[in-house]
Amino acid sequence: MTVTRTPEVAGDGPRAAAPAEARARAARVRRARRRANRPVLLFLAPWFVGLFGLTAGPIVASLYFSFTDYNLLGSPSWSGLDNYQGLFNDIHYRNSLRVTFIYVVVSVPLATLAALLVAVMLSGKRRGIGVYRATYYLPSLLGGSVAIAVLWRQIFGAEGLVNQVLSLTRLDGVVEAVFGIEPGISWIGNPDHALNTLIVLNIWQFGAPMVIFLAGLKQIPQDLMESAEVDGASRAQRFVRVTLPLLSPLVFFNLVLGMIGAFKAFTPAYVVSNGRGGPADSTLFYTLYLFATAFRFRDMGAASAMAWIMLVIIAIFTAGMFLTARYWVYYGDQVKLK
Amino acid sequence: MRRIRRRKLLGGAVLLGAGAPLLSTLAACGDDENGGGGGSLRFAWWGNPDRDERTVNAVTKWSEASGREVGTEPANWQDYWDAMTTQLAGNNPPDLMQQDYQYLKEYVNNGALLALDDYVPDPLATDQVPADTIDSGRFDGALYAISMGYNTFALMSNHRVLADAGEEPPGDDLTWSEFFELAVRIGENTPDGVYGSENAMNAMEPFECWLRQKGKELYTADGQLAYDAADVQEWFQYWMDMIEAGGCFTTEQDAEGTGALEDRGVVTGDGAFDFHWSNVIAAFVDLSQDEVGVHQYPRGDAAGSANGQYYKASMYLAIPAGSSDPDAAADLMSALIFDPEVAGELGFERGVPAAAPVREALEPTLSDAERISLDFVESLDGVVGPVPPPPPGAHAQIYEQFTFYSEEAGFGNLSVADAANQFYDEASRLLEA
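Top to bottom, those sequences are chains A and B.
Sequence positions in the first sequence follow our numbering and run 1 to 338.
Sequence positions in the second sequence follow our numbering and run 339 to 771.
Simulated from the structure, these hints should not be mistaken for laboratory data.
Where hints are given, some of them may not hold.
Chain B side only, calculated, beta carbon under 10 Å to chain A, not exhaustive [to be verified]:
#, residue
1, Q416
2, D417
3, N447
4, N448
5, A450
6, T589
7, A593
8, T596
9, P728
10, A732
11, E738
12, F742
13, Y743
14, F749
The calculated label-pair distances, taken between Cβ atoms and stated as ranges, are [as the list claims (entries may be wrong)]:
#, chain 1, residue 1, chain 2, residue 2, range
15, B, D473, A, F88, 42 to 52 Å
16, A, G320, B, K554, 50 to 60 Å
17, B, D601, A, F88, 33 to 43 Å
18, B, D473, A, T55, 46 to 56 Å
19, B, K554, A, L168, 43 to 53 Å
20, A, G80, B, G561, 43 to 53 Å
21, A, D192, B, D465, 50 to 60 Å
22, B, T558, A, V150, 35 to 45 Å
Only a predicted model underlies this, so the values are computations on that prediction, with no experimental measurement involved.
Don't be surprised by glycine CBs; every beta carbon is placed ideally from N, CA and C.
Use the sequences and the hints to build the structure in full.
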């Protein structure tokens, strides 16, 4: 763009004194360029309609609603900062923040780690490797489905699979001795453990980051690995010194996307807790409370305020991660000068 | 160059991701696939599998007679109200909707419902229904909704569990302290995992009945709390003691349940008593393997204490202001309430039919379960108390607080006194807002 603008800029100074044909030529060039741009704009139009109609418009509207008292049935009325102040006096709002932070901080690194480990295991050339990869990818297709609600009850209920296995293997006594958890506990019915089952659910769905890691592992130059091997590096050393640094941009990418995804997580808590975020707010994800505020309590103003606070929180977390990135993320083209 | 591109890519992905939660507050609004005038009508209700089947049969009958197609949109209670607010906000309401006493006032105040007076008496022959029932759907002189039937609190019992514990089904003069002892005895005399009662600590309906027995109500006529924090504490303590004594399901077991009828103790045979509504008696009978009985809720210990029961106009039908074809909707509404042919398909599932001709037409065809239901409701004629004032708009949110604080106490995060006081403060605050 800068290059093509130059003649125009140059022609601006002496315009008053310039001969008429020079001006006419410049105008012809501009017209021609505009004509050439027309089909481009035409093809971009649907995207712009989407951007302004479906994205920008609602975003601006929700900013306005966040300063109003709006119950969805009537029309919004201006209420200033009431919604924002009200949120910080709301115990459930604070609970939802706490639950969401724990969920993000615990489940995202673990899910990324799981994805990396499985990707490393599945990166080799083996017979039927495609089947294994597909199998490990499968859970991430199921996560948002209502079937998970039923499955989680079957697994983590008082008479669920986990307790049956613990009881058959006589490990329930060990669990009680080590963690102080009584046998026959309902993992989803108990506020101390319900969130943990959702964290397990998130870790289980490592399919998408795993595929990204697999692609990254393929890109690692074999000559680096071979020369490290020649230099006598062990398998573990090769992984830590060669593979990990070269994968670090992808680790970063997966962490950032995983984090944003986890902040926005909604379906798992909704289906597992019947939309309530219980017991005792222990699975009250931020988005779940936002949804309840908007559509159950019909307080769209407060819900919009929550959405904007969430945006700021995600922006701060993301910026924080980008700031730390320079210390541990290695891009191949960075040359360290000594 | 490569580095910048990656950064840009990352940044773009991040921006896209971060923008999405904002969208989620509004994205739910659209959904226009069913609009349109002469096409099919949309009728939405909340229910259970039994009600859904009956309602679809009734609607089919009307469709065959009128030649008009009807799209039916059943949902469970909670999803139903989520969906209705979303559709109303998106200006895409159904043509005919089921309403509840709890929400009616708020919907009317916000202009979401159509006044029905133009459709009286044709097609809405309201003179077939007792005047006070009709008046419960009247606000500022205009009629907005008509009740399909009425019901009342009903304590369900599983007779097999009672027999296993060596107990007789109780009479209707059971007091709360007798109920407590009975539930504990059943817990003791049955195998592990079988309890005397469902845990009703977090349920506001029995709490309301219990308050009425003490001469109080949930709300005053001007929408303020009509009880004290001490009442809440007493209620919570009653159930904490019962959990402790093994008379009812624990808070944890209660939290694991979905609340669906097929999960409830009286249906699965793991509980002897359950607090519910009289219109669900037939569903309990159908779903349970065992014989199901029905009683009034326990009553206050003081002599001559009121039973706390009242006839609740259970389910209303109303036409949203944005209905695409109110005339046809009124026709369908009339058939579902007043036409013995169509309304007969609904049976007693939405309560005892409000229209006398429908009730009379149904009498000879009653199943045993419906007979029990009708007899129970009619046995209360003359002993029920006055209908409480409609609850304020914040009731749904207050109910969630009630559940939350009862769980806080039940899991031991708060003392019973603290939970009761904090609930009371929170509920008062919500009513001020």
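Now for the hints, and whether the structure bears them out:
no.	hint	verdict
1	Q416	holds, 6 Å
2	D417	holds, 8 Å
3	N447	holds, 8 Å
4	N448	holds, 3 Å
5	A450	holds, 5 Å
6	T589	holds, 7 Å
7	A593	holds, 4 Å
8	T596	holds, 6 Å
9	P728	violated, 16 Å
10	A732	holds, 8 Å
11	E738	holds, 8 Å
12	F742	holds, 6 Å
13	Y743	holds, 9 Å
14	F749	holds, 5 Å
15	B:D473 x A:F88: 42 to 52 Å	holds, 44 Å
16	A:G320 x B:K554: 50 to 60 Å	holds, 53 Å
17	B:D601 x A:F88: 33 to 43 Å	holds, 37 Å
18	B:D473 x A:T55: 46 to 56 Å	holds, 49 Å
19	B:K554 x A:L168: 43 to 53 Å	holds, 52 Å
20	A:G80 x B:G561: 43 to 53 Å	violated, 25 Å
21	A:D192 x B:D465: 50 to 60 Å	holds, 59 Å
22	B:T558 x A:V150: 35 to 45 Å	holds, 43 Å
Of the hints listed earlier, those the structure fails to meet are numbers 9, 20, in rising order.
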